[in-house]
Structure formats: structure tokens, C-alpha cells
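Peer 1: So you can see what is in the structure, the chains are spelled out below.
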Amino acid sequence: MSNDTVTEPAPAPAPEAPAKKQRGGLPSWAVQGLVSLSAIVLALVVGAILIIVGDDQVKTAMGYFGAAPMDTISAAATAVGEAYKALAVGALGGLDPIAESLTQATPLICGGLAVSLAFRTGLFNIGAQGQLIVGAILAGYVGFAWHLPPVLHLVLAVIAGLIGGAIWGGIVGVLKARTGAHEVIVTIMLNYVAIYLLQWLLTTTAFKRPGREDPISPVVDANAQFPQFGDTRLHLGFILALLAAVFVWWLLNRSTVGFELRAVGANADASRTAGMSVGRAYTIAMVVAGALAGLAGAQQVLGTDLPLTDGVAASVGFDAITVALLGRGTPLGTVLAGLLFGALNAGGLQMQLQTQTPLTLTTVLQAVIVLFVAAPALVRSVVRFLPKERGVGAVLAKGWNG
Amino acid sequence: MKKYLRGLAIVGAVTVAVAACGSPPAEDSAAGGANKDFKACMVSDSGGFDDKSFNQTSYAGLQAAVKSKGITEVKAESKSDNDYPTNMTAMVTAKCNVIVSVGFKLEDATDKAAKANPDIKFAIVDSAPVQPITNVKPLGFNTAQASFQAGYLAAAMSTTGKVGTYGGIKIPPVTIFMDGFAEGVRYYNTQKSKSVQVLGWDDAKQSGLFTGDFEDKAKGQNTAQNLITQGADIIFPVAGPAGLGGLQAAKASNGKVNAIWVDTDGCESAAEFCSVLISSVKKGMDVAVQNAIESVVDNKFDNSQFIGTLENGGTALAPFHEFDSKVPAELKTELDQIKADIISGKITIASKAQPKAS
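Note that the protein sequences, when read in sequence, are chains A and B.
In case it helps, UniProt numbering puts the first sequence at residues 1 to 402.
In case it helps, UniProt numbering puts the second sequence at residues 1 to 358.
Quick caveat, the hints were computed from the structure, so don't treat them as lab data.
Misleading hints may appear alongside valid ones.
Below, a list of computed lysine to any residue pairs in the SDA-like style, where the Cα atoms sit at most 25 Å apart [to be verified]: (1) K208(A) <-> K95(B); (2) K356(B) <-> D214(A); (3) K217(B) <-> Y192(A); (4) K115(B) <-> F229(A); (5) K95(B) <-> G211(A); (6) K219(B) <-> Y187(B); (7) K170(B) <-> G94(A).
Work out the full structure, taking the sequences as your base and the hints as a guide.
Peer 2: Written out as C-alpha cells, the structure reads:
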């Protein structure tokens with residue numbers, strides 16, 4: 001194994017670990033919660049500055065700042081207040097917005113789990129994007145090319161998606177186990193292979209929609225689509241995402257295999273000495289991670305994004321990495337982080353519609369939140385009263401040197 | 001447990017932020033035009049309105065209509081393919097009078113919304129429903145026509161006897177330019193008994209050079225450099241912003257290599273490269289979008305497909321700008337003759353990527 005220096009990349013004590021008391025301070029879960037809260041507040045502050053800088057009315061008011069400084073301030077407050085109000089209402093204000101948030105969160109949760117599981121085994125799975133695309137290709141193909149009875153068709157399409165992702169992730173695991181090829185390089189390269197494979201497939205008659213010259217596939221059969229809840233876009237895939245999270249939790253914390261995965265993630269050398277097969281652990285982790293990402297791909301084509309296009313993956317596979325980071329590598333954390341990102345995505349769309357605030361603002365918010373969460377020291381330097389939390393930041397940083 | 005708290009904290013933070021700043025909304029500063037209540041809406045594809053390409057040009061059409069008719073605009077940018085149905089629903093909810101969707105990827109969402117809302121008019125750029133829908137106007141552009149002229153122009157201006165082209169992604173709105181270009185070069189060869197070669201696109205086999213996306217300028221520059229190394233002295237990049245890399249490669253050649261731009265007049269949209277631009281193949285999305293919106297304002301909407309041609313100005317060869325003195329007068333006459341022949345049907349273009357009249 002050329003790469004035995006990989007140490008636990010995913011930080012964070014396991015969720016069920018007893019909260020250890022800080023000396024004379026808050027328990028560590030409270031500290032982590034405070035850091036996350038501060039990160040979100042700081043991100044909103046950064047976002048507010050961007051909104052103010054970009055707002056036309058503020059710019060106009062700035063022109064006569066000397067004469068009526070309050071105009072500038074009130075214009076700024078209005079711009080920020082309206083934008084964030086639209087964001088909050090768009091994400092949480094009623095059944096439809098909540099359903100939309102959950103819909104947006106669905107693939108992020110599955111993709112995030114794919115990254116988290118690999119993290120815990122000491123692998124950086126940058127390839128959720130590629131695994132998702134291949135999962136979407138297979139699920140989509142089974143969805144529109146086969147014609148089967150209800151239930152059976154959906155089940156087979158989902159399984160096809162799982163297999164597609166598992167193959168794409170499995171390649172990485174086997175290469176790592178057999179040859180020591182670094183998974184970061186391999187997954188990034190396989191992302192390119194997957195997107196170009198999809199672009200090429202969409203030019204073939206097998207995938208092209210009849211009567212159209214554009215690279216777009218037929219819509220999957222009604223039998224292969226996830227049933228939706230009422231009039232919303234929320235579909236059964238969301239329940240599958242939650243089940244996947246429970247499965248990952250069980251796998252990591254309750255199964256023998258999961259114990260091996262975590263042991264290898266914590267210290268590959270020690271695990272090998274203890275008689276575990278490190279290569280086997282890497283392969284299993286990547287196969288399962290790939291299958292999870294493949295499930296996210298299946299959710300895209302069978303749930304919301306019915307035809308296959310070259311944009312089927314959007315940036316879900318990459319957002320999944322930030323979701324996993326924010327969730328600190330735990331299944332529950334990943335679900336919550338996925339929900340937050342889903343809410344920001346859904347709210348962002350409404351924010352742009354109502355206040356014409358550019359959609360990229362939500363991307364900035366997401367990035368800044370993760371930046372602050374990943375660097376607690378940075379948050380602490382801004383929010384001085386936060387108590388010290390030992391180790392977490394250092395572990396996160398160390399992981400990338402694997 | 002700590003994770004629950006984090007969730008609560010998020011909700012709390014958002015609430016605090018809203019409560020702290022929740023002053024009443026300022027009066028909307030929408031232009032007080034005659035048709036202020038008329039809402040013209042637009043949904044972008046995942047490229048966004050700042051793509052320096054078809055989303056941006058279509059949006060310019062919306063802005064022009066807003067200005068000329070004093071209507072109100074609402075726009076929604078899509079970040080991913082997932083956003084199309086959401087944005088389309090939001091536009092319907094916003095009570096838009098006309099909704100313009102940009103790009104073939106929005107076809108499904110547009111058709112669905114159009115069938116569910118017969119009172120709202122729709123227009124879609126670069127696509128068409130398979131079966132015509134009474135309230136959807138497809139906006140197509142036969143850019144192969146002006147590209148044909150561009151191919152002829154390039155062949156005539158080439159000193160090495162080789163011209164090059166490359167695309168962003170192999171989709172019909174891109175390959176239509178390359179088809180027309182290649183056919184124009186072939187027409188020049190038969191007319192003048194020359195053998196100018198087209199590098200980067202074989203229209204018979206429908207295969208050629210593509211950068212794989214529309215964003216990567218470095219890749220565009222490399223691809224153009226490849227063509228230049230093979231001897232091409234005129235480059236025709238059909239790759240949006242990635243095509244700008246091709247112009248950089250041309251500029252770096254110090255006058256040996258020149259280029260022809262697409263979509264917009266390059267001397268206006270990318271003025272820093274005007275010195276290497278012989279001409280541009282314009283695709284009049286702005287005008288088409290503006291006309292479609294204005295037709296709804298004036299109650300003259302119909303669902304017949306608009307196809308931009310040389311005849312109606314929906315596609316055109318841009319002025320030569322700095323090359324005006326370098327393009328021989330005889331060649332200019334020939335180009336005008338080609339335009340007339342294409343309009344009259346004397347020259348037929350074979351490209352299968354041309355939008356079909358419905």
C-alpha cells in the first residue's frame with residue numbers, strides 16, 4: 001500500500017459517542033453547534049454585504065450619502081431584509097416551499113452520504129459527480145428504453161442506478177486496493193470520463209429522443225418514475241435518501257464491515273497489523289459510496305429531471321463534498337447539511353424571483369458556511385466569545401495530505 | 001443531539017436576520033410605462049444570463065421590449081436542469097403575460113406549462129415542440145445561411161488554403177454554423193476550382209473538433225492553436241466564451257491568423273479582438289425575442305414558427321469593420337450574390353441541423 005499515511009479525514013466523534021466535557025466549559029456538542037451557528041450567521045453577514053454592494057437603490061442613495069446618510073442605511077436594510085425574507089419564505093414558508101426544499105435536498109443527501117462514507121474509510125471521494133452521472137445513465141436508460149409493469153419497472157431502474165454508481169466507484173476502490181492509485185486523481189479523472197460518456201451517448205440513436213436532433217433523451221416511462229406527494233415535486237426518492245442515511249449509520253456503527261471501514265479510516269497500518277484487509281475495506285467503501293451516488297443519479301432522472309441531458313448531474317456531485325464536510329462525515333450530519341443546502345437552493349430561486357437577487361448569492365452563502373465550519377479557528381477569531389474546541393480543525397486539515 | 005441543535009440554530013439565525021431587517025418594502029421602481037401591468041418573463045437555461053451567448057442575447061431582447069413598450073420584466077435564472085420546472089411554475093404563479101424560455105432543455109417544462117395555462121403565451125428560443133401548441137411560438141435560426149457566406153468569405157481570404165473551425169458541444173445549434181461554413185467553403189471551391197480545406201469539421205460525417213464545454217477559454221485557445229499548427233489561417237470558433245480563446249490564439253499570431261465570430265458582431269461584444277475579426281455570423285435572438293414579446297403586447301401573437309433567415313435578418317453576416325479595406329470589392333459583390341441566391345433558393349443548404357418549418 002503506497003498510501004498508508006491516510007489518516008482519519010472525516011473529523012468528528014461518532015454521533016453516539018458520549019459528549020466529552022471541556023475543562024470548565026461547554027460540552028463539545030454545544031461548542032460545535034455554536035461554531036456552526038456562528039458560521040451561518042457570518043455567512044449571512046457576508047451575503048448581506050454582497051446584496052448591499054450589488055443593489056441599485058443603495059448605489060443611488062450612496063450618491064448623496066453626505067446629505068442624507070439614513071437613506072443609504074435604510075435602502076441597504078430594505079435590500080437585505082427583502083432578500084433574506086424571500087429566501088426564508090421560499091425555503092420554509094408553507095407546505096410547497098418545504099416540499100421544494102426537501103426535493104432539492106434529496107440528491108444532495110445521497111451524494112453527501114457517498115462522500116461521507118468514503119471519508120470515514122480514509123478516502124476522498126471527489127467522484128460523486130461521475131458516479132452520479134453513470135447511475136443516472138443506467139437508471140434513465142432502463143427507465144425509457146424498457147417498458148415494464150408498475151413497481152417492477154421503478155425497482156429495476158433504481159437498481160440499475162445503484163449498479164451504475166457502484167461500478168464507477170468500484171473501479172476506484174479496486175485500483176486503490178490493487179495498485180495504490182490515489183483515489184483523488186482517479187475519481188477526478190473518472191468524472192471527466194463519465195460526463196463525456198454521457199455527452200457521447202446522447203448523440204447515439206439509442207439515447208436520442210425520436211424526432212429531436214438535440215442531445216436529450218426521452219422522458220422515462222410513468223411506471224419508472226418516483227411517485228410524487230400530492231401536487232408537489234417531492235417524490236419517493238426523498239424517503240429512499242433517508243433510508244440510505246439509516247443504512248449508512250447502521251453500516252458504519254452496527255456492522256462488522258463498518259467497524260473495519262472505520263478502523264482502516266482511523267489508522268490503516270494498525271488495521272493491517274490487526275489482521276484486517278485494508279484493500280478489501282477500500283473496495284467495499286467505494287462500491288457502497290458509488291452506489292449511494294448512483295442512487296442520487298437515479299433520483300435525478302426518475303424523480304425531478306426526467307429526461308437525460310448533459311446537465312443531469314448539475315453540480316450535485318461537487319456540492320455533495322461540501323455537504324459531507326458540513327455534516328462532518330456522519331450520516332445524521334450529512335442529512336441535516338443536505339437539508340440546509342436544499343433549503344438554500346429552494347429559497348434562492350424564490351429570492352431571485354421576488355427581489356431579483358442573483359442566484360449565485362446562495363452559492364456564496366453555501367461556500368462561506370462551509371469555509372467557516374471547516375475553519376473553526378477563523379470563526380473564533382471573529383466571534384471572540386466562543387470557547388475553544390480542540391482538535392477538529394487540525395484533523396480536517398490533516399486529512400487532505402493523505 | 002448536537003445536530004438537531006444545529007438545525008434549530010439555522011432556523012433561528014434566519015429568523016433573527018429577517019426580524020432584524022424586516023422593514024416594509026420600498027415602492028417598486030418599475031418604469032411607469034403605459035403597459036406597466038404587462039409582465040414579460042424569461043427563464044434562462046443553466047448557462048445563466050451572463051453567458052455572453054444565447055441567454056444574454058435573448059435577455060437583451062427582453063430588455064429592448066421592456067424599453068419600447070413600457071412593460072415590466074421578471075427573469076429567473078436556472079442553476080441546474082432541476083430548476084426548470086420550478087422556475088416555470090414560479091413564472092406562471094407570478095401571472096406573467098408572456099414567458100420566454102431559452103434553450104431546448106426547457107422544451108419539456110415549457111410545453112407542460114403551456115398546455116396547463118392556455119391564457120399565457122410562450123416563446124422558446126432554439127427549439128420547437130414536436131407537435132405545435134397553440135400558445136407556444138418557437139424561435140429558430142437558420143444560421144447555416146450566414147455561415148455559408150462566412151465559409152465562402154474565409155475560403156476567399158485564406159492564403160494557406162486551409163481554414164479551421166471548432167465547436168463547444170456537438171449540438172444542432174452549434175453544428176449548424178459549422179455545416180454552413182463547410183458548405184460555403186465547398187461552394188467556393190467549385191466556383192473557383194480551388195481546393196481550400198476545412199479543418200475541424202467534416203459535415204458529411206458530422207464529426208469534428210469540440211472543446212466539450214462553452215466555458216473553458218484555455219481549451220478553446222489550445223484547440224485553435226492546433227488548427228493553426230495544421231496550417232489554418234482563418235478560425236471560426238463556435239463555442240461561446242470558449243471561442244474567445246480562439247480569438248486570443250489568432251491575436252497572438254500577429255496578423256498571420258484571423259477569425260470570424262458567431263452569435264453577435266464580435267467587434268461590439270468582444271471589441272478587444274476586432275483587429276483579427278474579418279466578420280461575424282449574427283444570430284438575431286434579441287430581435288426575435290423582442291418581436292415575440294411585442295406581438296403579445298399588441299395582441300398579434302401567433303404560434304407559427306419564427307425562423308431567422310438572411311431574408312428576414314434573423315441571421316446575417318456582420319460588417320467587416322477593420323477588414324473593410326482588405327476585403328476585395330469583387331468578393332463583397334459575390335457575397336451579396338450568394339445572399340440573394342440563398343434567399344431565392346438558387347443555392348440550397350444541406351445541413352440537417354437547420355430548423356424545419358412547422
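Peer 1: Any of the earlier hints contradicted here, and which numbers?
Peer 2: 1, 5, 6 and 7
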